[in-house]
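**Student:** These are the residues of each chain, in order.
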Amino acid sequence: MTEETGLRADQRLIFDIVSSGARVLDVGCGDGVLLDHLARAKGVDARGIELSREGVASCVAKGLAVIQGDADTDLTDYPDDCFDTVILSQTLQATRRPRHVLEQMLRIGRNAIVSFPNFGHWRIRTHLLLHGRMPVTENLPDSWYDTPNIHFCTIRDFVALAGEVNAEIVRAEALDATGRPMGVKMPWWFWNLMGEQGVFLLARR
Amino acid sequence: MAARINEADIPNSLLFESGAEAPLVLDSGASLQGLRIAYKTYGRLDAARANAVLICHALTGDQHVASEHPITGKPGWWISMVGPGKPIDTDRFFVICANVIGSCMGSSGPTGINPANGDIYGTDFPLVTIPDMVRAQARLIDHLGIGTLLAVVGGSMGGMQVLAWASLFPDRVFSAMPIATAAKHSAQNIAFHEVGRQAVMADPEWRRGRYLAEGTRPVKGLSVARMAAHITYLSEAALQRKFGRSLQDRAMPTFSFDADFQVESYLRHQGFTFVERFDANSYLYLTRAMDYFDLAADNGGSLATAFRATKTRFCLVSFTSDWLFPTADSRQVVHALNACGASVSFVEIESDKGHDAFLLEEPNLFATARGFLDSAARARGVAEGGR
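Those protein sequences? They're chains A and B, same order as listed. Note that the first sequence covers residues 0 to 204 in numbering that gives the first Met the number 0. Note that the second sequence covers residues 0 to 386 in numbering that gives the first Met the number 0.
Quick caveat, the hints were computed from the structure, so don't treat them as lab data. Each hint should be verified, as a subset may be incorrect.
With a straight-line Cα cutoff of 20 Å, these simulated SDA-like cross-link-like pairs (lysine to any residue) come out [what the hints assert, rightly or not]:
hint, chain 1, residue 1, chain 2, residue 2
1, B, K310, A, D83
2, A, K61, B, A382
3, B, K310, A, C81
4, B, K73, B, E275
5, B, K310, A, R22
6, A, K41, A, I16
7, A, K61, B, E275
8, B, K310, A, D80
9, B, K219, B, A237
Short derived list, chain A residues pointing at chain B, Cβ under 10 Å [stated by the list, open to error]:
hint, residue
10, I16
11, S18
12, R22
13, H36
14, R52
15, K61
16, G62
17, L63
18, D71
19, D76
20, Y77
All C-beta atoms in this analysis are idealised placements derived from N, C-alpha and C, irrespective of residue type, glycine included.
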């Protein structure tokens with residue numbers, strides 16, 4: 000978290016990627032901190048979907064247009080191409096049908112930005128290797144039986160999924176443990192091992 | 000009785016009257032000669048005429064949203080929401096609340112005089128619809144010199160009016176807040192209304208609707224109608240929490256048909272007090288208006304068509320335990336608004352208080368309304384409140 004914006008590291012990067020004045024839908028927008036920031040600082044037409052009542056109430060109190068809904072089922076309500084950018088930050092792993100969600104995002108938006116925790120990170124690999132138990136880390140603090148995160152993937156898994164849904168990877172970033180982008184010249188295997196999070200900008204082909 | 004008739008004829012409210020030269024043509028095809036609207040206002044209209052908020056009342060509500068009821072002496076029906084420093088802040092907004100046509104608190108309705116023959120209308124009053132109520136209100140808003148309302152807000156039947164306002168006059172509604180409502184009345188709700196109407200009409204004192212002329216009052220029938228309806232405004236959980244199986248002022252059942260249970264006594268009281276302030280024919284007319292409401296049907300079967308190209312900002316609210324206007328009804332509206340690309344917020348508030356939750360202390364409702372109205376006011380450049 001940064002003091003001045005309250006944005007997470009992946010949200011800061013997403014904030015930079017989104018174009019000024021764009022029509023944006025943030026799927027799983029939480030308390031709306033990213034949308035609010037985008038609306039104020041970049042003049043975007045900010046919309047959101049959030050599962051939790053508390054989150055929606057907090058968004059509406061900020062003056063954001065947010066509906067209570069479920070990424071898995073409610074994206075089908077939107078017509079084609081009604082957004083420039085559809086954001087899914089740290090939510091993909093909590094959806095029941097990640098592929099369906101990604102396809103819907105690319106149907107209703109010209110492009111999609113997805114950030115997710117990388118389950119291929121070395122710390123997670125060594126945890127599983129050494130302890131033989133599902134990893135519990137600072138960023139992923141829940142035990143396997145009560146985590147909302149039911150569909151973990153690695154950066155390379157996500158790259159494969161992007162190919163399967165016929166999306167073009169316009170931009171890809173891996174964030175290290177401090178939330179800094181790791182540089183552009185690294186090969187996928189290195190990102191997959193060293194990146195704590197992946198942030199992808201996808202476009203429909 | 001005297002107070003009631005008084006309130007219908009000479010209401011303790013502001014009056015807007017338009018003469019026979021501008022009759023209101025109703026959905027039924029009939030014309031209403033001599034439209035009359037009783038209304039209340041709170042706060043001050045700003046110089047830009049940009050801070051007006053219209054509150055639409057529910058079935059048995061009235062214009063006394065934030066002021067003492069002239070018959071019952073009770074505080075306004077929504078003082079938790081409307082007033083100085085409240086979510087609908089009368090220090091900042093110019094709040095208007097008008098008695099709907101067909102009702103009995105001073106606006107044109109079945110208790111009024113039929114200009115055609117000088118008699119009390121009774122059931123000769125033409126049937127009015129929710130859009131008719133809204134077109135009548137639009138005349139009042141014209142009269143007040145207001146082009147576009149900052150917000151139109153209402154729950155239940157009031158929410159139906161909000162939706163109709165947004166559909167009929169999209170350019171005159173900057174933001175809309177329909178609460179605990181639906182774009183059409185369900186079969187179950189029509190069924191409950193029919194039970195209520197039959198109770199009124201089965202009362203021999205109803206006299207085929209001519210009870211005022213004949214000097215009787217169908218208080219038994221109207222009271223039963225209110226009792227049945229009141230159950231639908233609550234929830235099983237709320238009734239259980241409030242009353243359970245507790246007995247009323249007695250240790251043992253009396254083995255009679257007295258109101259042994261507290262819940263019986265409560266309902267009887269609800270019925271008894273209701274008839275003091277409400278007209279039986281108005282109850283028939285307004286329940287009918289809700290039954291006829293179907294915004295999609297009015298727009299070729301498509302709810303999205305009702306809101307096509309709307310610029311209005313919407314905020315819908317439903318309550319988890321409301322089985323009269325369940326969340327699915329609100330979602331249907333949200334779905335249609337999304338399909339038009341409208342700016343829409345929607346929140347389902349957790350409450351066990353049933354449909355009536357929208358009138359009660361619900362901090363999440365207040366926070367939502369405050370946030371939504373504040374952002375609408377900022378977007379329209381309305382100045383901050385006085386406090």
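**Student:** Does each hint hold? Answer for all of them.
**Tutor:** How the hints compare with the structure:
| no. | hint | in the structure |
| --- | --- | --- |
| 1 | K310(B) with D83(A) | holds (19 Å) |
| 2 | K61(A) with A382(B) | holds (17 Å) |
| 3 | K310(B) with C81(A) | holds (15 Å) |
| 4 | K73(B) with E275(B) | holds (13 Å) |
| 5 | K310(B) with R22(A) | holds (15 Å) |
| 6 | K41(A) with I16(A) | holds (11 Å) |
| 7 | K61(A) with E275(B) | violated (43 Å) |
| 8 | K310(B) with D80(A) | holds (19 Å) |
| 9 | K219(B) with A237(B) | violated (26 Å) |
| 10 | I16 | violated (23 Å) |
| 11 | S18 | violated (18 Å) |
| 12 | R22 | holds (8 Å) |
| 13 | H36 | violated (15 Å) |
| 14 | R52 | holds (6 Å) |
| 15 | K61 | holds (6 Å) |
| 16 | G62 | holds (2 Å) |
| 17 | L63 | holds (7 Å) |
| 18 | D71 | violated (15 Å) |
| 19 | D76 | holds (5 Å) |
| 20 | Y77 | holds (5 Å) |
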